[in-house]
Amino acid sequence: MTDLITIDNVTKKYGDKTALANANLAIEKGDFVALVGMSGSGKTTLLRMVAGLEQPSQGTISQNGVPIRSLNEKARVMFQDDRLLPWMTVRENLSFGNKSDKMTKEADELLSLVGLSDFADYYPAHLSGGQKQRVALARALMYHPELLLLDEPLGALDALTRRKMQDLILDICQSRDFTTMLVTHDIDEAARMANKIVVVKHSTIVDIVDNPYRKDDSYEGKAKRAEIVDNILATIYAE
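Quick note, the sequence shown lines up with residues 1 to 239 if you use UniProt numbering.
Source of the hints: derived by calculation from the structure; they are not laboratory data. Each hint should be verified, as a subset may be incorrect.
[What the hints assert, rightly or not] DEER-style ranges, computed between Cβ atoms: (1) Thr104 - Tyr14: 38 to 48 angstroms; (2) Lys224 - Asn98: 42 to 52 angstroms; (3) Glu28 - Ala125: 39 to 49 angstroms; (4) Asp101 - Met38: 18 to 28 angstroms.
Since the model is a prediction, treat every value here as computed from it, not as a measurement. Quick reminder that beta carbons are idealized off the backbone N, C-alpha and C, glycines included.
Make a model of the complete structure from these sequences and hints.
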């Protein structure tokens, strides 16, 4: 497989504070990578640099061999807050108000993909939290991104809605062969969704765990995932 994203000896500082130190990571096309660790460990900082929202203080982040030096046009970010525009309908939030036949058709296709065809003309205020995040996911898929970046997008959802969204994101990413990076505090979620789990501790990548058991809900799969989760927790909490 070819590396889509290469993170080469990346450090990010804010004044005297080091948010991320000497990070090295290769993400292959089609990978689903989860970043886990305590708050303030550097997970979101790394995702923001891949998105081009921040620049490294040292080192290079490349996509297809080209350094990312500004806003990454080939990536889309989905945040924990849906960031929908309340004065626009669901469809308009996807098309950014562009009412051309092409944009309308694409928006409607994506709303169908996330199960919201009947809500295209609704305003965000009339949607549940889970529905808003489905709209945010559909919006992130507009313009056919090469890389999908998920910054704690399911953190505010109840357990059942969160599980449904996990399945939806996995199905879409696998069927469309997206490369995905997920920041999450939920290690069980990471183990269920990601084929590669990156453990960040004290601003440093301390482990990269291969996970062949994602979305394997057999007895053995669940047991192996639980073992992975326990090992990651031990790494995070070790002195």
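Right, here's what the structure says about each hint:
1. At roughly 42 angstroms, the beta carbons of Thr104 and Tyr14 sit within the given window of 38 to 48 angstroms.
2. Between Lys224 and Asn98 the Cβ separation comes to about 46 angstroms, which falls inside the hinted range of 42 to 52 angstroms.
3. Checked against the given bound of 39 to 49 angstroms, the beta carbons of Glu28 and Ala125, roughly 41 angstroms apart, stay inside it.
4. Range check, Asp101 to Met38: Cβ separation about 48 angstroms, and the 18 to 28 angstroms hint is violated.
Comparing the model with each numbered hint stated earlier shows that hint 4 is the single one that does not hold.
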